[in-house]
Structures are given as C-alpha cells and as structure tokens.
Amino acid sequence: MAGHSNFETNNPLIKWVETRLPIFGLMQSQAMDFPTPKNLNYWWTFGGILTFCLAVQIVVGIVLAMHYTPHVDMAFGSVEHIMRNVNYGWMLRYIHATGGSMFFIAVYIHMFRGMYYGSYKEPRELLWILGVVILLVMMATAFLGYVLPWGQMSFWGAKVITSLFSAVPLVGEDLVVWLWGGFSVDNPTLNRFYSLHYLLPFVLVGVVFLHIWALHVTGNNNPTGISVKSEQDTISFHPYYTMKDAFAMALFVLVFAFFVFYKPNYLGHPINYQEADPLVTPEHIVPEWYFLPFYAILRSIPHKLLGVIAMFASIFVLVILPWLDTSRVRSARYRPIFKQFFWLLVIDCVILGFVGANPPEGTWLLVGQIGTAYYFLHFLVIIPLLGLIETPKPRPTSISQAVLDANKGKGGGADAVPSAQAAE
Amino acid sequence: MAVSDTAEPTRRDFLFIATGAVGAVGAAAVAWPLVSQMNPDASVRALASIEVDVSALAEGQSITIKWRGNPVFIRYRTAAEIEEARSVSIDDLPDRLARNANVSESADASDINRTATGREEIIVMMGVCTHLGCVPLGEQGEFGGWYCPCHGSHYDTAGRIRKGPAPENLPVPAFEFVGDNIIKIG
Ligand code: HEM
Ligand code: FES
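The listed protein sequences correspond, in order, to chains Z and P.
Going by the numbering used here, 189 is the number at position 189 of the first sequence; the sequence numbering is gapless.
Going by the numbering used here, 151 is the number at position 151 of the second sequence; the sequence numbering is gapless.
It cannot be assumed that every hint is accurate.
Reference listing, derived: stretches of chain Z covered by chain P, where coverage requires no fewer than 3 residues with Cβ under 8 angstroms from a Cβ of chain P [to be verified]:
1) 214-227
2) 332-340
Below, simulated SDA-like cross-link-like pairs (lysine to any residue); rule was C-alpha separation at most 20 angstroms, straight line [said to hold, decoys possible]:
3) P:K163 x Z:W364
4) P:K163 x Z:P302
5) P:K163 x Z:K229
6) P:K66 x Z:S400
7) P:K163 x P:F177
8) P:K66 x Z:P188
9) P:K66 x Z:P278
10) Z:K229 x Z:S400
11) P:K66 x Z:F183
12) P:K163 x Z:S400
13) P:K66 x Z:D186
Stretch-level coverage of chain P by chain Z, calculated; a stretch enters the list once three of its residues show a Cβ under 8 angstroms from a Cβ in chain Z [as the list claims (entries may be wrong)]:
14) 40-53
15) 125-134
To be clear, the hints were calculated from the coordinates, so they are not data collected in a lab.
We put the beta carbon where it would ideally sit given N, CA and C, even for glycine.
Build the full structure now, drawing on both the sequences and the hints.
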C-alpha cells in the first residue's frame, strides 16, 4: 500500500473526524492518488463494472425481498405479483434477473483478461485465488436465487444440482437429505435457499474487499505485463481511471438496459414461467447460460462421481494456475504461441457452452468429451510445457518505453511494436 | 526472560487450559444444533405412510402418486413386460442388487426380488432417477421400461438401470398389500 497519506484539509469537521478515524486519508491514498500504470486498456474497466453489478444486485434484491414470499404455495405467485402489481416491480425483477447474467458476462471477461495478460502470476497469486473464490460464491448465489421464483426450471435445476452431492461416497444420501431438509426439494429447501441467497452477496462484499486490498498491495498488472519501475510509469487513479471506468460503465449500462427493456426474457427459459411440479420433469433441463460449460463437463463423463469431480476440478484448476504456468513472461503480447492457445481455450469454452445447452447424445456427447479433454489439457499440459519451450518476443524496458514505442508506431498502426531493446 | 521447563504450572497456565477447554466444548455443543436444524424436522418425518387403492388399475396402466414429496410409480405390467424382465441374466445388469426395502439388502436384482410376492405383475418404485433425481418417463427407452430424459438413463420393465449415467436400479420403497387392492407405502 502507498505510504502514509498526505491528506490535508481546512474543514474543521473533516479534520476532527480524520484525527479520530483516518478514513478521508485512506480514500485519498487508495481511491484517488493511487499510482496506476498509465497504459491500462478497456479490459481493465471490468473490475469497476463488477463492483457496480454487485451493488445493483444487492440494492434491487433487498427491494424485491420486500414483496417476495418464500413458500412453495406462494413463491411463484409472489413473483407474478411483483411483475403485475408492485409499482415498477416488472422493472426491478427484470433488472435483478438480467443483472445476474450481466454480472457473469463481466466476470468471465475479467478472468480471461487476467489469463491473457498473466495477471495471476507472482506476486498476484493470492489476488487471483480470491477472484476464484468470488466466482464460486457468485455461482452459489445465482444458483440459489434462480430457485426462488419456483418455476419448473427452478425446481428441477435445484433437484439435479443438489443431487450432485449424492455422489459423495458413504455420506452422499444423508448429505442430500440434510441439504433439502426433507426427502426432496420442498418448502424447507426453498426457505433455506432464500436465507442463503440473502446472505451470500454480503459475503461477496467481504471477499471483494480482500480482493481489492490484495490488489492495492501489489498494484495493477498492465498490458505489457512488465512491473512498474518508476513513478513515470504511473498516473493517479483519479481522475484518469475514475473517468475511464465511468465511461466504460456507462456503455455497459446501455447494454444492460437494452436487455432489461427490450429482451428481458432472452437470457432465461420460458418454462420457468410454469409453476414447479415435483411430479413432472421438463423435457430439457438446462441451467442458465453462465453455467453451461460446466454442465457440459459434468455430462460428458458417463460416471456420476467422476462427472461431479471433473466439474469441480474445472474450477479448482484455476486455483493452481499460478503454479502450473512455468513462463515468467506475463503478457500474451510477448508470448506468440501462448496467445494462440489462449484463443483456443476461449473457443473451447464457447463450444462447451453450446454442448451444455444440447442433449448429451450422439455428436454433442462426443464434442463435449473432446472439449472437456481439451480444457484440462490446456491447463495441465499445454500451459506447463509452453513456458519451457516457447521463446518470448523481446519486451520493452519499461511501461513508459512501451507507450512511447506504441505512439511511434501509430502511423503503422501496430498495437505493440516489440522494442528492439533487450528484455527486462 | 528466563523460563525453566521444570517450573511448576502457574495459575495462568491453569486458567489458559481450563478456558480453552470450556471454549472448545462450548463451541462444539453450539455447532451441533446449528448443523442438525437443517435435517428433516418432525413434521416432515411424520409424513410416514400413505395408502393407495389400485383396483382401478388395468393391465398395461400406470399411476404416479406423491409420497414424501417424491413421485412413486405403480405399474400393472403386461405379460410381455414380465416375460422380458425375467429373461435378463443378472450378470448383464450394471446394478445387481434388488434395491428393494422389503427384501434383504444383499438380494439380487431378479424380477421376483423387485416385486411383491404373489403380485409380481404390480411393480411399485420411486420415480426418482438414481442419477440426479429427475422423474423418468414410462414405456420409453431402449428397454421398454422407463427413460430419464435429463441425462439419458434407460431402465427396463423391472425398473433396473441398463444404460446411461444412473448408477442404481430405481429403489422400491417399503410397502405392503393391506387389502386385496390396497397398497400401503412407507
Ligand atoms: C451476487 C448478487 C446476486 C445475484 C447474482 C443474484 C441472482 C439472482 C437470480 C439469478 C435470481 C432469479 C431471477 C429470476 O429468474 O426471477 C434471483 C432472485 C431473487 N433474488 Fe437475487 N441475486 C443477488 C443478490 C440478491 C440480494 C442481495 C437479495 C436480497 C437481499 C436478493 C433477493 C432476491 C429475491 C427476493 C429473488 C426472487 C425474486 C425474483 O425471482 O426476481 N438477491 N437472484
Ligand atoms: S437424472 Fe436421470 S439421467 Fe440424470
């Protein structure tokens, strides 16, 4: 963290507070003067966007909770009541439901950004791991929230996902009954899911705080992946990045608003407007789009326990990514082979998404199996090997040098003209 | 600071250990109710049994009833279905256990062991796929029994898993005939 703050003020009230709780100094050093690499591009705006998404979900969620009833006989009706009777209820619910999707779009971009520019590498391993924890808590929150409207997909999604735990050896069956509070997904399940759906976003706030704290210890990575070497490499967070973040956020909100007002149900499933029926499973059980790649991995392995293990492993592998990557060069800009494999991984995840949306038969099953194998191959074999065999391109001596080179090359239009100078 | 290993335990040592022990036991004693409250409560556990009249059930018909929040299938099987179920060798089954709460746990998955003695045409079992809990569809799938559309599990006419990700046969709940045509489940 930047050293002691040099906060000064003439306002006696602020002074009085500051000597007792130095919160204004903290804000100034961490949110305004904070030295930030001067070459951050728009992929760096998603952290701010994510914080915004969390705030939106919490504010709108608390308001929805004023009208929602967590009981199997009334939940579905109370959501319809929100849609039809509550003032602006339709808008609030559409913001919350679409907000979940927007949150995941942002988090996936944010994570792929981290992979492309090597932001998970030393010294930011813990920052990255906290990010993976945030992803897991977000997934749990979204899953629990989706159960609340008590539609057909809510119910059957809940049943299938909680049943995953029955694969646990020995205690599996008891564990599932414990999760349900009964012999199937029922009223006790809905009640506890509501309680936890309300709780977890606040846990997220706590983990996000740690995530940002860790960020402010190491400082930002940047598109060159080269560490900050002098004050010349940085600019203050405010006004430069507050402005850039705000601009990106405004564009993001436009996309968000487009979905809320013009395509509110595009990202959902029509069958969730049919009330839950414990005796009839819908023909296709499909999770929300943001879970599809993981669902595809689960189903591509025709063994209950191994399928569940593979699904959890696909996220856990991200935790150990900092130690799987043997290359010391962070940014893909200077790693020509890694760059290609990065895009292959993105394509693989998209393909797995399509597989997850389709029945696990014939060609889809085969594609899913190949996609799953490739996913693990990328992290467990390709990434460790690349660091050993790839020759990175020469890197500029500093961030400032990279910026100057890029400006020089403006006429030619090249993004990052590799400097002829020696590597760092 | 000079501390010798042979010194008598002090009052501080005693208080430290005593407080720690009380704290640990207390924390465990409070943690257990917090965990246990999530298990099925008394009202859920009280929904023990129901009775079903199957006199209207004709050959080739099925009904689905709800017991403890889950579907239960009751099917009056056709002669062909029974014939088919009996012709299968136990060795060809992925799950060779009967999974029938009314017979011994180690009984094999023969058709007889999956049905009620004397009323082998009637099969009673949970309509809950042993993979991830979906409700299988009747008279479908490659074995003419049940087919679970969620992830493609095929069950035969005795409700035994034959193909797909489900690991076990559809479980037969505890039940008995309390009258000629009355089945008591649970
Ligand atoms: C991480 C933040 C959150 C995420 C990702 C999230 C996600 C979701 C999702 C996907 C739904 C189902 C929407 C639908 O299909 O109708 C939902 C419903 C709901 N959520 Fe959240 N939520 C979050 C935070 C909160 C908070 C903080 C509260 C309350 C304090 C809350 C209260 C509710 C309520 C009452 C519903 C049911 C009404 C409805 O279905 O629209 N949520 N949530
Ligand atoms: S739940 Fe039946 S096959 Fe998965």
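Checklist entry - Is it true that the CA of K163 of chain P sits at most 20 angstroms from the CA of F177 of chain P? => result violated (31 angstroms)
Next on the checklist: K163 of chain P and W364 of chain Z were given as a pair; does the straight-line alpha-carbon distance stay at or below 20 angstroms?
Outcome noted: Roughly 18 angstroms separates the two Cα atoms, so the pair holds.
Item to check | 20 angstroms limit on alpha-carbon distance, applied to hinted pair K163 of chain P and K229 of chain Z | outcome: violated (62 angstroms)
Checklist entry - Given the hinted pair K66 of chain P and D186 of chain Z, is their alpha-carbon gap at most 20 angstroms? => result holds (12 angstroms)
Item to check | Verdict on chain Z covering the region 40-53 of chain P, criterion of 3 CB contacts below 8 angstroms | outcome: holds (count 3)
Next on the checklist: So if I understand the rule, the pair passes when the alpha-carbon distance is 20 angstroms or less; does K66 of chain P with S400 of chain Z pass?
Outcome noted: Since the Cα atoms of K66 of chain P and S400 of chain Z sit roughly 70 angstroms apart, the hinted pair is violated (cutoff 20 angstroms).
Checklist entry - Taking 20 angstroms as the top limit, are the C-alpha atoms of K66 of chain P and F183 of chain Z close enough? => result Holds, at about 12 angstroms.
Next on the checklist: Please check whether the region 125-134 of chain P has three or more residues whose CB lies within less than 8 angstroms of a CB on chain Z.
Outcome noted: Since 6 is at least three, the answer is holds.
Next on the checklist: At least three residues with a C-beta closer than 8 angstroms to a C-beta of chain P: is that true for the region 214-227 of chain Z?
Outcome noted: violated (count 0)
Item to check | Within 8 angstroms of chain P (C-beta), three or more residues of the region 332-340 of chain Z | outcome: Three-residue rule not met by the region 332-340 of chain Z, so violated; n is 0.
Next on the checklist: K163 of chain P and P302 of chain Z were given as a pair; does the straight-line alpha-carbon distance stay at or below 20 angstroms?
Outcome noted: holds (10 angstroms)
Next on the checklist: Check whether the Cα positions of K66 of chain P and P188 of chain Z lie no farther apart than 20 angstroms.
Outcome noted: Holds - the C-alpha atoms of P188 of chain Z and K66 of chain P are around 17 angstroms apart, at most 20 angstroms.
The structure fails to meet hints 1, 2, 5, 6, 7, 12 from the earlier list, while all remaining hints are met.
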